[in-house]
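Asker: All chains, please: the whole structure from these sequences, using the hints.
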Amino acid sequence: MESRNSRILYLENLTIAFGGLLAVNDFSLEIFQGDLVGLIGPNGAGKTTVFNLISGQYLPTRGKVWFDGREITGLLPDKITALGIARTFQNIRLFGDLSVLENVLVSFHVRTRSSFLSSMFSLPRFWQEEKQIREEASFLLEAVGLKDMASERARSLPYGQQRRLEIARALATHPKLLLLDEPAAGMNPQETQELMEFIQRIRRDFNLTIFLIEHDMKVVMGICERITVMDFGMKIAEGTPEEVRNDPRVIEAYLGVETR
Amino acid sequence: MSGAEKRDLLLTGLLLCLLMLGVWWAQTHLNAYLIRIFNTACIYVVAATAYNLVNGITGQFSLGPNGFMAIGGYTVALLMLPMTQKQEVYFLQPLMWPFNAFSFPPSLFLLALLLGGLLAALVAILIGVPTLRLRGDYLAIATFGFGEIIIVLANNFIPLTNGALGIKGIPEYTNLWWTVGWAFWTVFVLKNLVNSSFGRALKAIREDEVAAEAMGINLFRHKLLAFALSGFFAGVAGGLFVTLISTVSPTLFTFTMTFNLLIIIVLGGLGSLTGSTITAVLFAFLQEGLREVEAPHTIGSWTFPGIPGMRMVVFSVILVILMIFYRRGLFGRWELSWQEVLNLLHRGKKTHGKS
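Chains A and B, in that order, are what the protein sequence lines are. Per my numbering, the first sequence starts with residue 1, numbered consecutively. Per my numbering, the second sequence starts with residue 261, numbered consecutively.
Wrong hints could be hidden among the right ones.
Claimed, not checked - Pairs of lysine-lysine, DSSO-like flavour, derived with a Cα cap of 30 Å:
| hint | chain 1 | residue 1 | chain 2 | residue 2 |
| --- | --- | --- | --- | --- |
| 1 | B | K266 | A | K147 |
| 2 | A | K218 | A | K147 |
| 3 | A | K131 | A | K79 |
| 4 | B | K266 | A | K131 |
| 5 | A | K131 | A | K176 |
| 6 | A | K79 | A | K64 |
Honestly, the hints are just simulated from the structure, not real lab data. Only a predicted model underlies this, so the values are computations on that prediction, with no experimental measurement involved.
Answerer: Pasting the structure below:
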C-alpha cells in the first residue's frame, strides 16, 4: 500500500504468554489512517487476544503497541480509550440494566468537564453539558437506527440491535480507531448485508480507521481492503482479499493439508 | 437548565419547606418517644442511602459502614464533649492530646459533624486503596475486617475512646432539625450524583467492569470516590447518632449496625435511593413496634418470658420472605422522580373527574 496516509496503529513484535501457551507470538502489523483492515483465522488463533492487547486489557509479555505516534503499551484501558481507540466485544457486553440512551451517555463520561461537585449540587454548568451530550447521544442513536429505542432497557433489545448499540456506544467515545470483534456473529444474511453497508457508512461519516475480526468470509472479503491471517498466534499471511484467498498457507490453515 | 429541571428544583425546594413546616409542627405536637423514632429513622436514611451508593449503585459489596459510623461518632463525641465531662469520663486513663486541650462550643456542632464525616471519608480512601482492587466476596471480607478492626481499636485504645466503658454525657445536640436536614441533604446530593455523568459511570461499573473500562471509565478512581463519599455520610450519621443518644461505646457500632443497614438497602432494593429512604423509615418504626415480641407475655395461665433478640428473628423472616417473592427488593432499581409524582397526581385527578 502506498503510504500517503499516516500510520495510526503499529504493533511491534507483540507476544503474550499464558503460562506455557504463546497466545500471540511475535505479531507485527501496521494500520494506516482511514484503512479498513480485517483480521481472520481459525478458532483459537489469538485474534481477540490481539484486540485485548491493543485496548489494554492485557499487558504483552514482549513487544510494543504504538498508536498515533506514541507508545501505549501498558496503559490502562480507560486511558487508551481516551486517546482514541474504541472497541466492541465478541460476546456483547452492554450495560444491560441501563437504558439504550444511558449506554451511549456513559461513553461521554471520559470527556465531560463538569466536576463531581457541580453535578452533586446540580449547578447550571452541569445541566448545560448534560443537554449537550444528550443531543449528541441521540444523534448517534439516530445514525445507528436506534433512536426509537432510546428509553428501552439495553438487555431487552434484539440481538442485531444490541450489536449496533455496542457500536454506537464505542463511537460516542470519539475514537480515531474502531476495533470490531466479530460484528456479524449470529446475524442472518440480510442483517449481515446491512451491517456491511453500515460499517462502510460510519467509516465515511465519522472519518474512522476500522480494524475488525470476522469469521464470515463474505463480510471480510466484501469490505476489507487488507486482510491479515493468523494461526496459532502468528501471522501467516497478509494482503488484499484476492491475495489472501489464494495463499496456500491460508487454505492449509482453514482446510488442512491434503495427505496422500 | 430546561423547563423540567427548573420545575423539579422548584418542587424540591417546596418539599424542603414542607419538611421544615412538618418538623416545626412535630416539635410542639408529637411526644418525645415519637420524635426519638423519627430522629433514628432520619439517621438511618443518611447511613442507608450512602451505603447503597457503594453496594447498590456501584455494585461493590462492602460490609464496613459500621466502621465509618464509629469513626464519625467518636470524632464528634470527642470534639463536642465539654471539658468538665472529659475529666469525669476518663478516669481509667486520662484523655490523650489534643482532645484534652479543647472542646467545641455548641455553635460548632456542624463543623464537628463535617469533621467526623471528613475523617471517615479519609479513612475510606486509605482502606479503599488496597481493598477496592478486590472484587465480590473478597471485598466483602476485607471491609468486614476493617469494621471489626475499628471496634477492637475502640475497645482497646483507652486514652482515646475510654475503652468498653465508652463516653457518656455527650450533649444532646441532635434534634429533628438536624436529622431531617441531613436526611434531606444526603438524599438530594446522592440523587443528583446518581443522575449525573458520574452516576452513570458508577452504574456502568456495576453492570460490566470490563466494558466500563473499555468505554474510558477509570474503575479504581470511580470506586474510590463512591467509597469516600459513602464514608463521609456514614461518618456524619455516626456523629448524629451519638449526639442523639448522648453516649458512645464500641457496642453501638458493632457489625449489627452494618447488618441493619444491609437489611434496609436489600429490602428497599439495591440501587434504589427511594427504596433505601422508605425502608429506612419503616425499619426504624418496626424496630420500635416489634419491641412487643421481646416482652414477656401471659396467655391464660402460661407466662412466656421475653426473649431478647426476637426482633432480629422477625426481620430475618421478613428478609427471607422478600428474597423469595421480591428478589430485587421492594423497589428494585426504581427511583421516584417528580415527573412520576406529577403523572400520578394527574391520573388521580382524571379518574376522580370521571367518577
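Asker: Going back to the hint list, which numbers does this structure go against?
Answerer: Per hint list: zero violations.
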